[in-house]
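The sequence shown begins at 9 in our numbering and counts up one residue at a time.
Rather than coming from a laboratory, the hints here were simulated on the basis of the structure.
Treat the hints loosely; a few may be bogus.
Now the in silico label distances, taken between C-beta atoms and shown as ranges [stated by the list, open to error]:
hint : residue 1 : residue 2 : range
1    : G73       : P380      : 46 to 54 Å
2    : Q409      : Q216      : 26 to 34 Å
3    : P347      : G73       : 23 to 31 Å
4    : S886      : Q1003     : 18 to 26 Å
5    : G73       : Q1003     : 42 to 50 Å
6    : P129      : D864      : 46 to 54 Å
7    : N334      : Q409      : 42 to 50 Å
8    : S1044     : N119      : 50 to 58 Å
9    : T817      : G711      : 31 to 39 Å
Where a beta carbon is used, it is the ideal one built from N, C-alpha and C, also for glycine.
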Amino acid sequence: MRRSRLIPGLILGMLMTASTAMPALCVDLTVAGIEVNQATQTPTNTITLVAERSTAVRVTIGVTGASAAVTGVTGRLHVFVDGVEITPVAGLLPINAPFTAPLAPQRANENDTLNFELLAPTGISVSTNVDFHVDINPVAGETDTTNNSGEVNDLSFECRATPHLFFTRINFAGHGLPALSTVQAGTGDAFVRGILPVNDGDPLLYRQGLFPTLTFNQDDNNNGILDGCPGAESDVLLSLLESCRQLIVSNGFGTDDRTFLFGFINGNPISGNGCASVGGRVSYGNTEAIRYQRSYAHELTHNFGFSHNGSFLNQVGWDVGARLPNNPAGNNTSGRVKPTSLFDIQVPGQLTNSAYIKTGLPDGYNGLLGHPTLACGGLDFSSQVLVVQGIFNSQGTGLIQLKPVFRYPWPSRPTPPPPPPDPLVPRVFPFQVQVVDANQNVISVPFDPTVADDAIDEVEGPGTFEVMIPLAGPANSLEITDASGATMFGGFVRSATPPTVRVRSPQGGATLEGPTKIMWDVVDPDSSPSELMFQAAYSPDKGQSFVPIGVDLTTNELDFDPSSVQESAGGGLIRIFASDGLNTSFIDVPGLTVRAPLARQICIGSTLGEAGQRVTVPITLDNGLGVAGFQVDVGFDPSLLNPAGVRLGADTAAATGWTINSAMVGFGVLRVLGHSNPPAGLGAGPKEVALVDFDIAATAPIGPMTPFRLANCVLSDPNGLQIPCNSCPQPGQVVVRPAGSFSFRPINSPVGVDQFDPLPFPSTVEALTFTNTLATGYNGTASMSVGPVCAGTLQPASLPFFSGVGNGTFSIGCCLDPLLPMTRTPLKLQATDAAISISGSSAPFNGVAKADVNADNAVNILDVVRAINFSLNLPVSSPPPVTFQRWAANMLDQNCSVDALINVLDIVRIRNKALGRPPLCPCSVGGVGVLTEQAAVLASPVTPFSISLEKAGARDYLVKVHGAVDLSGLQLELKAAGPKATVSLEGLTAGRNWQATTTLDQGVLKIVAFSNAAAGVSGDGAVLRITGGGSPHLGSAVAADSEGREIPVRSAP
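Produce the entire structure from the sequences given, and follow the hints as far as they go.
Below, the structure written as structure tokens:
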């Protein structure tokens, strides 16, 4: 176990930011509990956690010493995997800070805990050594801050395999297709991602099947409702989806038990909200906003073998990342927390906002965690698997349909039966498939054809089934029987001759664009046409992957829409399968170019320029796939623009063999023509095909010109066939601007930078034309900024221009303390006028923090000496300018203010900064980093003391203090001391690393004495000896403690 360490610098740095709204001054906060929740969890974190899955951390705060909830609580989370932190060094911030810590927190209340979230992929890999450490920021007045941290260590995060959840949209009985935005990733699957214990950030988890949407019109009673589950209409749709799933092939591998397919139906014309094959891998459901996300999750857990129950949640759940709230707006779901008042996902007929998932086995979250489908590791695939599909009547007494068996050429993996409800009681299957192979071996595979709906009046019963059986050789016969084998419901005997298929249209190498009818002939001398069934699949990549384009066909033709599948430039392939019962054959149509018939869109862009300048505008296509040539007419205002030439665009220049030409074909009309030789189509996606140069007339007025006009677009493929083309609805235009750039006059260094007392400095900016002359016509306003650090701290943030010149006085209210011990950083100003896309930057100048009086990028004795000279009104040498030095020497007090004087207080503060001591006024806004120190403000108050000047002998005087506490600096003025007076350390200061400096100014002896070691002296006694003086008496006195705070001084009687 790695013992997490507290981060003292961070905690100290955050101490002063805590809220002061406290119910009592004796409050004590502790970390009472840390719950790591990925969907549901126990308070002691006994639910298995999954690597890379979105994770919430709920921290229960213990509160003592307070009579009411404590406001303004926040903190940081650190997560370590095998001892290596995967959260930011500063820790992860809560999602609900500032947080009010209740006296009696309840898990069911979302904001009774301080909550953190790590969204997938979290960076938490498979490990048995994952530690969660929480630091709670102290609040004002807290009595004990040593117990503000807590941790839970050695948690295990396990591997779980990502299933492939495909969806398709179904147009049932004329209801239309549901909107893609309703069912797309992040919305349609929001509930599923919340409860399925896998890496919910995996892009392969949920996606639309790249095959045509389905039309399903079986409505036996013409009521517009998809009836039954089980029932004829519902079972046929489920069986159709099973056939589609079998034709989903990726990288040469067919379907496996991790491949699921769900059909979304527009609205809710369903008698029971949805239906699923229990233990199968297909289901369908509604898209009614208040329920469809839960319906999908409900049916998916049926696929995992779950059955209906009447349970409520037994632990509080959590929707990590707030996937569901207001997504979509009509789901009436709010908040992340899932209290135990909600129903379990398998309680039928519920709404999205009324359910989540319980923890139990085998039909809860733990059941999913332990499900073999989600177990990591490779899968065992088999070739030539028998795919047996059919439909039982709802009583289970007979077969309604037994489809011809298909054997596909790609490897696939049968779906194993779900785990039994009781691990100690074997699952009983009511039916079996018996196959006799060529060697008379009998293979028996049991199955359960149960389907289940999602209605309040729940129904589960026999219906659609699919059984996949690996078999090395041919199958001589196949029968569907009861479990005992006594009752036979149907079957096949293999005929001698398999069907032979020949495709009439399209032919290999054809280009398919627009609706296409696929037609084929079949010959099977020992089977009647009614005994045959066909499946059709499309591959965009020469057979490596497939998607269904027609399933369970009983005729010899199919309408195919190329726009419904992935385009292919010569690698398309259509495969037609035929089965007569136990013989499967197929034929390929290869070398197809498949593309959507949608018109391509050509467009011309916009640009900005000045009168007399040459500008360039691009001509683009929204999709260049297959385009081997183009032509378009560009209309423009010839009184303002003159064509100067055309060039290849970035994408045609990158391709080989392209040339481009242009010619005037009318008044103000330029025809642009480009083509490739030999003809070769561009790739898919947006393409820049041409660049057109125009000269702007010298008399062109400032402002936008009339947009370009596009006409007569012609696109060609490599075979000279036309590709539909439209002009974009908003062609670009040329905008004439009064200037082309900004130029800064030099900014003198250094510039004083401070969050609370920045030093104003002047800056002049000129607007220039493209010929670098003053743009006297520019009278706009530029946005001003500073960088590369200190962003957002420049004031003012704009600069008006008159006749091309902008003059302004600026200040940079930025914190440079995180740079310490460095005190200087290079800065630039930038001027931008986004409306006309011009900008410019100054040359670098140095921004310097307070206390660095000589601007040498350090605070040391040199700066202390200059501050002493200022305090004694002595000359100070340049550079830097004296005005800067005075600003730098005038230090901030504990109220983040400056006064009009430079005295011993400033000397002590500069000394402290040179010694690396915390500042009286820590800065934090707009800085270059995070300062992890607290302010140098003592808990004890400043103690006043008295001072006296006492005669110790002839022309010998002692300066004595009475009741001094932590005296670290003293500045005095003595009148009538005389020009021969000298000052030395005495008593409390002698031998204590103090120094004293004096000057005589107009008869007044000015003395500055301070400790070089940042240590103060306390007590009663002498601190200075005045020797050789006349008859001195005390004038003013200023004293500082070791932190640089002013100590009130009074004269002793």
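Here's how the hints hold up against the structure:
With their beta carbons about 52 Å apart, G73 and P380 fall inside the hinted range of 46 to 54 Å. The hinted window of 26 to 34 Å between Q409 and Q216 holds, with their beta carbons roughly 28 Å apart. At about 30 Å, the beta-carbon gap between P347 and G73 stays in the expected band of 23 to 31 Å. The hinted range of 18 to 26 Å is satisfied by S886 and Q1003, whose Cβ atoms lie roughly 25 Å apart.
Range check, G73 to Q1003: Cβ separation about 48 Å, and the 42 to 50 Å hint holds. For the pair P129 and D864, the beta carbons lie near 48 Å from each other, so the given range of 46 to 54 Å is met. A beta carbon spacing of about 44 Å between N334 and Q409 agrees with the range 42 to 50 Å that was offered as a hint. For the pair S1044 and N119, the beta carbons lie near 56 Å from each other, so the given range of 50 to 58 Å is met.
Take T817 and G711: their Cβ atoms lie about 32 Å apart, and the range 31 to 39 Å holds.
Of the hints listed earlier, there is not a single one the structure fails to meet.
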